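Taken in order, these protein sequences are the chains called A and B. The opening residue of the first sequence carries number 1 in the working numbering; numbering runs sequentially from there. The opening residue of the second sequence carries number 1001 in the working numbering; numbering runs sequentially from there.
These are calculated hints, taken from the structure and not from any lab test. Note that the coordinates shown come from a computational prediction; the quantities given were computed from them, not determined experimentally. Misleading hints may appear alongside valid ones.
[Claimed, not checked] No farther apart than 20 Å at their CA atoms in a straight line, the calculated lysine to any residue pairs in the SDA-like style are these:
hint : chain 1 : residue 1 : chain 2 : residue 2
1    : B       : 1035      : A       : 12
2    : A       : 121       : B       : 1132
3    : B       : 1036      : A       : 15
4    : A       : 121       : B       : 1152
5    : B       : 1109      : B       : 1132
6    : B       : 1061      : A       : 71
7    : B       : 1007      : B       : 1255
8    : B       : 1061      : A       : 12
9    : A       : 121       : B       : 1255
10   : B       : 1036      : A       : 12
[Stated by the list, open to error] In silico negatives: residues of chain A with every beta carbon more than 12 Å from chain B:
hint : residue
11   : 10
12   : 11
13   : 13
14   : 44
15   : 46
16   : 96
17   : 127
18   : 128
19   : 133
Every residue, glycine too, gets a C-beta built ideally from N, C-alpha and C.
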Amino acid sequence: MTAFPLTIVTPDGVQFDGQAEQLIVRTVSGDMGVLAGHENIVCPLGMGQAVIISNGEKRTAACIGGILTVLGGNVRLVPTTFEWADQIDLPRAEDAGRRARQQMNAASDSAQLRLAEARLKRALVRESVARAYGRK
Amino acid sequence: MASATIKEIRNRIRSIDSTRQITRAMELVASSKLKKAQMRIEASRPYFRIIYGTLQDIMRKNSDGSLPYLAPVNPDGKAAYIVIAGDRGLAGGYNSNILRSAQSHIEGKNACVLPIGKRAKEFFENRKADIMSLGCQEAERVSVGDCFTVANQLCADFRNGAISSLSLMYTEFVSVLSQKCSEICLLPLKREEGISDKLDILYEPSPEETFEAMIPEYVGGVLYGALCESRASEHAARRSAMDTATQNAEEMIDSLSLKYNQARQAAITQEITEIVAGSRQ
């Protein structure tokens, strides 16, 4: 398969910089796949699993927020958080999920509820990506 | 009398020496933290550049004024200031510089403050400023996630008219020896003049929605970047303050040692004179 240059950058630094054959990410309007020669596009990312196929090897990651840009064949994924499936801190994610549920029950106004909901969503995404990778 | 001064001087030297050891240790700790903070600044820069570049691109293509965030919903709303200072003192002018400059900006305005860092919080509490608290008080412990939570909240406040502008005050890390107080106006967003590149870009689902979704990311990204810069500045300021303190301590020890030796010599000379004078009689 033809490869394209892919850069993944978060506020914590560069997570991936190299050639990839395929990228699948969850955008705000659903999953989107990118192959070499994709048209120029900019779209905001949702919360979900990202799949990167590079050198025939498939890697998954939890990818939350940010944007995806394809400009002149260069693909740049700029998420706010990006964690490879094998590096996710599973106990921490489970803990965060439990705490978010408690906060949702205790929330007194809609702003607090929204915050807790967002936390729970992030925790669930991390958990599901880590479990899909086969971790317990 | 002579033996008393000698003892006093010896005690002073000893106490200055232990202070010197402490300042030297603090200097070393600050330099190692500075190195880490500098690396974090470098790491966070590309993220900011890409987000900011894309935002400006969208703004240049949509100049009909339909985009949100370019003007305040409610011009009479409060001006919000995020002020980043440190958690601890002994960092030269780091805290006082940024807090004084923030105070001069805010004074007399219909403003509210979001302090980050214990020193900033105490400073504005003492001055009875209008404080927004979003739960991040210790500058050292604010994470990327916290930055984005705060950014989302502030963007929502801007959209519903609770605040009319958002500025960020932090200490820019110019170099190890020089740090500068800076202010960035985050909202309303300013359009940079320039020529839009000719590339045809598809925005999914739409340019407006992409723009809206990106603003909180932008604010959060800048906030995190400024926090990294401030932390690096704090460590750099502390390092040079402690370096100066160590040097001062060394100078004092040198001059005291000289005095000590002189006093000791004087005491010996006096003793000899007394003995010689006594044997003559």
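The hints, checked one at a time:
A hinted pair counts as satisfied when its Cα atoms are at most 20 Å apart, and residue 1035 of chain B with residue 12 of chain A qualifies at roughly 15 Å. For the proposed pair residue 121 of chain A and residue 1132 of chain B, the alpha carbon gap of about 26 Å is over 20 Å, so the pair is violated. About 18 Å separates the Cα atoms of residue 1036 of chain B and residue 15 of chain A, which keeps this hinted pair within 20 Å; it holds. With a CA separation close to 16 Å, the supplied pair residue 121 of chain A and residue 1152 of chain B stays within the 20 Å bound.
The straight-line distance between the Cα atoms of residue 1109 of chain B and residue 1132 of chain B is roughly 15 Å, inside the 20 Å bound, and the hint therefore holds. Distance hint between residue 1061 of chain B and residue 71 of chain A is fulfilled; the C-alpha atoms sit about 16 Å from each other, no more than 20 Å. Taking the CA atoms of residue 1007 of chain B and residue 1255 of chain B, the gap is about 16 Å. The hint holds against a cut of 20 Å. For the proposed pair residue 1061 of chain B and residue 12 of chain A, the alpha carbon gap of about 30 Å is over 20 Å, so the pair is violated.
Straight-line distance between C-alpha atoms of residue 121 of chain A and residue 1255 of chain B comes to about 65 Å, which puts the hinted pair past the 20 Å bound. Distance check on the hinted pair: residue 1036 of chain B and residue 12 of chain A sit about 12 Å apart at the alpha-carbon level, within 20 Å; holds. Interface exclusion of residue 10 of chain A from chain B breaks down, the closest Cβ pair being 6 Å apart, not more than 12 Å. With a cut of 12 Å on Cβ distances, residue 11 of chain A falls inside the contact zone with chain B, its closest approach being about 5 Å.
In this structure residue 13 of chain A is not separated from chain B by more than 12 Å, as the shortest Cβ-Cβ distance comes to only about 3 Å. A beta-carbon of chain B is positioned within 12 Å of the beta-carbon of residue 44 of chain A; the least distance is around 4 Å. Annotated as non-interface, residue 46 of chain A brings its C-beta within 12 Å of a C-beta of chain B; the closest such distance is 9 Å. Remark: the non-interface label on residue 96 of chain A conflicts with the geometry, its nearest Cβ contact in chain B lying 10 Å away (cut-off 12 Å).
The claim that residue 127 of chain A lies off the interface holds: its Cβ sits roughly 16 Å from the closest Cβ of chain B, which is beyond the 12 Å cut-off. The claim that residue 128 of chain A lies off the interface holds: its Cβ sits roughly 19 Å from the closest Cβ of chain B, which is beyond the 12 Å cut-off. In this structure residue 133 of chain A is separated from chain B by more than 12 Å, as the shortest Cβ-Cβ distance comes to about 22 Å.
Checked against the numbered hints above, the structure breaks hints 2, 8, 9, 11, 12, 13, 14, 15, 16 and satisfies the rest.
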